[in-house]
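Visitor: For chain W, the structure is supplied; the task is to place chains E and L on it using the hints.
Residue strings, one per chain:
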Amino acid sequence: MWTDVAIIIAGLVMLAAGIGAIVAKSLLVSIILAGGVSLVASLVFLLIGAPDVAMTEAAIGSGLTTVVFLYALARSKQADKEDSDESAEHPDAEKAGAP
Amino acid sequence: MMRKVLVFLALIGFAFALLPLAYRAGVADEPNALATAYLERAPAELATANVVTAIVVSYRGFDTLGEVAVLFAATAGVGALLTKKRLGSAGARAPRKEATEVLGTAARLLTSLLALFGVYIFTHGHLTPGGGFQGGVVIATAVLLNILARPQSHLAHGLMTAVESLSGAAYVALGLLGAFLAWGFLDPRALPLGELGKLVSAGAIPLIYSVVGLKVGAELSGILEALKGDRE
Amino acid sequence: MNALEFLAGINPVAASGAALVLVGLWGVLARPNLFKIAIAFTVLETGVNLVILSVGYIRGRTAPILDAASDAATASARMTDPVPQALVLTAIVIGLAVTALMLSYALRLKAAGGGSSIEAYGEEKW
Chain W
513 MWTDVAIIIA
523 GLVMLAAGIG
533 AIVAKSLLVS
543 IILAGGVSLV
553 ASLVFLLIGA
563 PDVAMTEAAI
573 GSGLTTVVFL
583 YALARSKQAD
593 KEDSDESAEH
603 PDAEKAGAP
Chain E
-17 MMRKVLVFLA
-7 LIGFAFALLP
3 LAYRAGVADE
13 PNALATAYLE
23 RAPAELATAN
33 VVTAIVVSYR
43 GFDTLGEVAV
53 LFAATAGVGA
63 LLTKKRLGSA
73 GARAPRKEAT
83 EVLGTAARLL
93 TSLLALFGVY
103 IFTHGHLTPG
113 GGFQGGVVIA
123 TAVLLNILAR
133 PQSHLAHGLM
143 TAVESLSGAA
153 YVALGLLGAF
163 LAWGFLDPRA
173 LPLGELGKLV
183 SAGAIPLIYS
193 VVGLKVGAEL
203 SGILEALKGD
213 RE
Chain L
18 MNALEFLAGI
28 NPVAASGAAL
38 VLVGLWGVLA
48 RPNLFKIAIA
58 FTVLETGVNL
68 VILSVGYIRG
78 RTAPILDAAS
88 DAATASARMT
98 DPVPQALVLT
108 AIVIGLAVTA
118 LMLSYALRLK
128 AAGGGSSIEA
138 YGEEKW
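Residue numbers (our numbering), protein chains in the order written: chain W, 513 to 611; chain E, -17 to 214; chain L, 18 to 143.
Just chain W, same shape as in the assembly:
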């Protein structure tokens, strides 16, 4: 019975973190909250007697997935920055080429 109560509390935490991950304005906050969902889920897996799955979920779901997302976000941000650099440089290039 107490396991059930703990699982329900963990479920509410996951629900809150999941909704937070969807509605958050910042992608960084979203990624961290999604990692948190996985971490609490691995706790639930441990509570229901699935330590193998709990290990996998903790290592992959909240560890590597977060890293993969952060790398992708960094590359996306970098592409944005380079695009804006290019458009900022472009007028100069035209100016230099005009005379």
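Hints are computed from structural coordinates only; laboratory data are not their basis. Mixed in with the good hints, there may be bad ones.
[Stated by the list, open to error] Stretch-level coverage of chain L by chain W, calculated; a stretch enters the list once three of its residues show a Cβ under 8 Å from a Cβ in chain W:
| hint | region |
| --- | --- |
| 1 | 35 to 41 |
| 2 | 48 to 58 |
| 3 | 76 to 82 |
| 4 | 108 to 118 |
| 5 | 127 to 137 |
[Said to hold, decoys possible] Sample of chain E residues at the chain L side, in silico, Cβ under 10 Å:
| hint | residue |
| --- | --- |
| 6 | A(-8) |
| 7 | F(-4) |
| 8 | T35 |
| 9 | T46 |
| 10 | G61 |
| 11 | L63 |
| 12 | L202 |
| 13 | A208 |
[As the list claims (entries may be wrong)] Now the in silico label distances, taken between C-beta atoms and shown as ranges:
| hint | chain 1 | residue 1 | chain 2 | residue 2 | range |
| --- | --- | --- | --- | --- | --- |
| 14 | E | S94 | W | M513 | 42 to 48 Å |
| 15 | E | A62 | L | R76 | 44 to 50 Å |
| 16 | W | A518 | E | A62 | 43 to 49 Å |
| 17 | E | R90 | L | E136 | 45 to 51 Å |
Cβ atoms here follow ideal geometry from the backbone N, Cα and C, with glycine treated the same way.
Guide: The following block gives chains E and L in isolation, referenced to the frame of chain W:
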């Protein structure tokens, strides 16, 4: 507005579909016949203490082989999509700062320990929680630490590809060994079973899970390496 | 029906999983950003894994691993169902690879000049 209504209706539909699972079905009191059979027979038939490992590697070993193939396909897709040529400016990276002294030292100290821990996890898959997939992830973590500490240096790409293809071939070879020496493809009883609870026991299961661990580790490292960028 | 009976009737694992599935599905359907959709897919995936594992949940039972304290003969009376665990174990690993593939496609679409909002691809037909 129209779309919001449709999304809402889809969610309501899914909620109704999931309701019986969450409420009416309730919680089982006994494992079903299949689970009971696995629980009773796995320790006797295969000498594995961890029944989940027995199912993943042996009873449903063919499933796992297919799963490793899917993982390989996805990794190859990531590698093919994220090349410099394909990505243009997003693929080429500006020269980066070296990592701090602390991270560099930690990477030097911890890499071998993490790799050893990964090997420990997948060689003990038949005795304790864990196995090839978890051990592979720990090995990928060691690689990640090195990528973070030395962003400019490239991993030994050839070595990783070699580990991946050799372990894939070894997986199939161990499966065929089971087909020739025991009762079927991926039957671990091709090797002597030994005594329940010993490290060298359970036939070919530790070998197969080690091979899976190396393959998963190489593949996840490949994904991280591809996402890092700087790839030709 | 009192509160205790109601609580005993629900499968808490399936209930949390179903809630996460709905949240993830809402995110996938309602958010325009490609990266946000990928995040919603990971939440959805965690929910589906919980729902699958809920089938093997039995109150008060231990993990399906033999140790010194349990002998093989009475194992099936003390342990949970190992089959869903074996299925979910591989599903999680596949999930990471598929997420990475999704993100690579998002990066490629962005590099192709489409931006990271799915609205930009509205008129693409096949």
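Visitor: Look at each hint and say if it fits the structure.
Guide: Hint by hint, here is what the structure shows:
no., hint, result
1, 35 to 41, "holds (count 4)"
2, 48 to 58, "holds (count 7)"
3, 76 to 82, "holds (count 7)"
4, 108 to 118, "holds (count 6)"
5, 127 to 137, "holds (count 3)"
6, A(-8), "6 Å, holds"
7, F(-4), "6 Å, holds"
8, T35, "8 Å, holds"
9, T46, "6 Å, holds"
10, G61, "9 Å, holds"
11, L63, "4 Å, holds"
12, L202, "7 Å, holds"
13, A208, "8 Å, holds"
14, E/S94 with W/M513: 42 to 48 Å, "46 Å, holds"
15, E/A62 with L/R76: 44 to 50 Å, "47 Å, holds"
16, W/A518 with E/A62: 43 to 49 Å, "44 Å, holds"
17, E/R90 with L/E136: 45 to 51 Å, "47 Å, holds"
The structure is consistent with each of the numbered hints, conforming to all of them.
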